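Let the hints inform the model, and build the full structure from the sequences given.
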Amino acid sequence: MPQEIVIKTEKQYEDNMIAVFELQEKEDLTDEDLKQIELMLKAGEKYEAEHL
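Counting from 1, one number per residue, gives the positions in the sequence shown under our numbering.
A portion of the hints provided could be inaccurate.
[Claimed, not checked] Below 25 Å or equal to it, Euclidean Cα-Cα: the simulated PhoX-like pairs (lysine-lysine) are: (1) Lys-11 / Lys-42; (2) Lys-35 / Lys-8; (3) Lys-11 / Lys-35; (4) Lys-11 / Lys-46; (5) Lys-46 / Lys-8; (6) Lys-42 / Lys-8; (7) Lys-46 / Lys-35; (8) Lys-26 / Lys-42; (9) Lys-26 / Lys-11.
[Unchecked claim] Derived DEER-like restraints, expressed as beta-carbon distance ranges: (10) Glu-50 / Asp-28: 33 to 39 Å; (11) Asp-28 / Ala-49: 30 to 36 Å; (12) Leu-52 / Thr-30: 29 to 35 Å.
Keep in mind that the hints were calculated from the coordinates and are not lab data.
Since we're looking at a predicted model, the values are computed, not measured.
Using N, Cα and C, we set each Cβ at its ideal position, and we do this for glycine too.
As structure tokens, then:
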């Protein structure tokens, strides 16, 4: 699993946020799911701060 997710385009940002939402909708989140969500949200926040 990647230690960091880098978002470089608005399309990647949108896809990332959709994927976070879909992952959060899962019935039983594993520790790996929670770690992935955290990485994805951090990447989204970083993109927002730098580009939006």
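Each hint, compared with the structure:
1. For a cut-off of 25 Å, the pair hint linking Lys-11 to Lys-42 stands: about 16 Å separates their Cα positions.
2. Proposed proximity of Lys-35 and Lys-8 is supported: the alpha carbons are some 21 Å apart, at most 25 Å.
3. Proximity of Lys-11 to Lys-35 is assessed by CA-CA distance (about 22 Å); at most 25 Å being required, the pair is judged to hold.
4. The suggested pairing of Lys-11 with Lys-46 holds, with an alpha-carbon distance near 15 Å, which does not exceed 25 Å.
5. A threshold of 25 Å between alpha carbons decides the hint, and for Lys-46 with Lys-8 the separation of about 10 Å falls inside it, so the pair holds.
6. A distance of roughly 14 Å separates the Cα atoms of Lys-42 and Lys-8; the hinted pair therefore holds under the 25 Å criterion.
7. At most 25 Å may separate the alpha-carbon atoms for a hinted pair to count; Lys-46 and Lys-35 meet this at roughly 17 Å.
8. The suggested pairing of Lys-26 with Lys-42 holds, with an alpha-carbon distance near 20 Å, which does not exceed 25 Å.
9. A C-alpha spacing of about 23 Å is found between Lys-26 and Lys-11, which places the hinted pair at or below 25 Å, so the restraint holds.
10. Taking 33 to 39 Å as the suggested C-beta distance range, the pair Glu-50 and Asp-28 conforms, at roughly 34 Å.
11. At roughly 32 Å, the beta-carbon separation of Asp-28 and Ala-49 lies within the given 30 to 36 Å, and the hint holds.
12. Range check, Leu-52 to Thr-30: Cβ separation about 31 Å, and the 29 to 35 Å hint holds.
Figure legend: structure checked against the earlier numbered hints; every hint is met.
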